[in-house]
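The numbers in the working numbering rise by one with no breaks, and the one at position 28 of the sequence shown is 61.
Heads up, none of these hints are tricks.
Derived DEER-like restraints, expressed as beta-carbon distance ranges: (1) PRO168 <-> PHE145: 22 to 30 Å; (2) LYS186 <-> TRP296: 30 to 38 Å; (3) LYS203 <-> ASP86: 39 to 47 Å; (4) LYS348 <-> SER396: 15 to 23 Å.
The list that follows gives simulated cross-link-like pairs (lysine-lysine, DSS-like), each with its CA atoms no further than 25 Å apart: (5) LYS369 <-> LYS284; (6) LYS393 <-> LYS383; (7) LYS386 <-> LYS400; (8) LYS293 <-> LYS52; (9) LYS369 <-> LYS266; (10) LYS284 <-> LYS255; (11) LYS52 <-> LYS95; (12) LYS198 <-> LYS186; (13) LYS227 <-> LYS266; (14) LYS185 <-> LYS198; (15) LYS268 <-> LYS279; (16) LYS121 <-> LYS186; (17) LYS95 <-> LYS156; (18) LYS406 <-> LYS185; (19) LYS369 <-> LYS384; (20) LYS202 <-> LYS400; (21) LYS383 <-> LYS227; (22) LYS406 <-> LYS95; (23) LYS98 <-> LYS156; (24) LYS95 <-> LYS128; (25) LYS198 <-> LYS156; (26) LYS52 <-> LYS393; (27) LYS130 <-> LYS156; (28) LYS383 <-> LYS233; (29) LYS276 <-> LYS317; (30) LYS156 <-> LYS406; (31) LYS266 <-> LYS228; (32) LYS228 <-> LYS268.
Note that these hints are calculated values from the structure, not bench results.
Please read these numbers as outputs of a predicted model, since none were measured by experiment.
Each residue gets a CB set at the ideal place from its N, CA and C atoms; glycine is no exception.
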Amino acid sequence: MKQENKLSTPKVLLISLQKLGGGAIDSLEMSNALLENSFFHYILISEGNELSDRFTDTEYRKVIKIKTFASNYFSFSINTFLLFRWIKLIQILRKIKPDIVHITHFHVWCIFVYLLRPIFKYKIFYGVHDNPFEPKEEPVFLMNFFEKIFVKKADLILTYSNFIKESIKKYVSNKTIEVLPLGIHSDLCSKFEKKFNPNKESLDVLFFGRLENYKGIDTLIKAYEILNKEHLKIKLTIAGRGKIDKDLEKKINELGIIFKNYWISNEELCRLIENCDVLVAPYKNATQSGMVSVALAYGVPIIATNVGSFSEYIKNGVNGFLIDVDDYLTLAERIKVFYQNRWLAVEMAKKAKEIGELYKWNSIMKKAIELYKRYTQGGSYKDE
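Build the full structure now, drawing on both the sequences and the hints.
Here you go:
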C-alpha cells in the first residue's frame, strides 16, 4: 500500500472473534463498508469464522486470524489458561500499534485488550448489542461480568439502536454513547435479488434464527393453528437450532410445519429467503434482530412484535406490521391479510427496500470514520 493513502488516518483495528451468525456477518459488512470508503484498517477474526474466506486482504484491509475456542467451558479453559492462545493478541497489538481498537462484538478474550490498553495507549470503541446490566433469559455469568467492565471502561460506547442507547444510559450516565445503527445484511446473499410471485397458490411464511423461548415460537404456533383450521394454503417454516418444549415440538409436527432444527448455513438461509413471502418475528423481548435486517436488505415484509428497537426499522402498515407481545390472534390476522392480498406483500416489499437504503453499512461506517478521526485528532501512520 502506498504511504500517502495512510497519512493523517487513524490506525484502526477491528476485533470480532464471534464465529457464527450475526457477529460474523456484521463484522464483514462493517469491514467491507470501510473498504468502500477507502479507509485502511486491520481486522482480527477467529480462524473459525464461518465467513473467513470472504475476509480478504486488499489495498485498504489487512486481515489477521487467530485460533479461539469452541462454545463450551472446557475448550475455553484449555485455550485460555493452558495453551494461552490469547497471547497472540499481545503480539498483534505490539506489531500494529493501533490508535483505536474497535470491538464490534464482545468476546471474553477482549478483556485482555482492556488490560493491555495502558501499555499500548490505544482508545477502545465498544459496540453494544444487548444491555449486559439487564437480566437475560440464559445468563452467562463470566461473559456478563466482563462485558459490564468493558462497557464502563470503554472510551466510546457504540450502540446499534436508540433503544439500547437509552437503556445503557441508566447504568453508565457518565459515558459518551453514540448510535451506530445496525446495518442491513446486504452481503449475506451475494448477487441476490428477491422476487415475488403474487399469483402463486400458497403463502410462504418464514421464521429463522436460534430457537429460544423469548423469540415467541409458542405465539407463532398458536397463530398458525388458527390459520390451519381455516384450511388456508399457508406454509410455515421454522429454521434454526435450539431446544424447545416437547409439547410445542409435538404441535409443530401435528400441524405439518416445516421444522429445520439445526444450524442453518448462509447458503440454505438465502434459499429460504428467496422462497418466502413474509417474515415473522413474534419476540417477547429483544433489542434488535437479524430478521429485521434481512427484511430491509432484500425487501421482505415482516410481522414483528413492538419490542426493543423494532419500531425504528419497521413502520407499521408501511413495510410490515407491529403487534403486541403474545398476541397470536392479531398475528394470525396479519398473516391472513397477506394471504388474501398478495399485492400488499409486493408493495410492502418495495417500501422495505426503500427503508433499507437508510441502513446501508456504507453510510453508517462513514459516521464511524468521523468518530475514529475525532477521537484521535487525525493521528498518522508510521511505516511498519
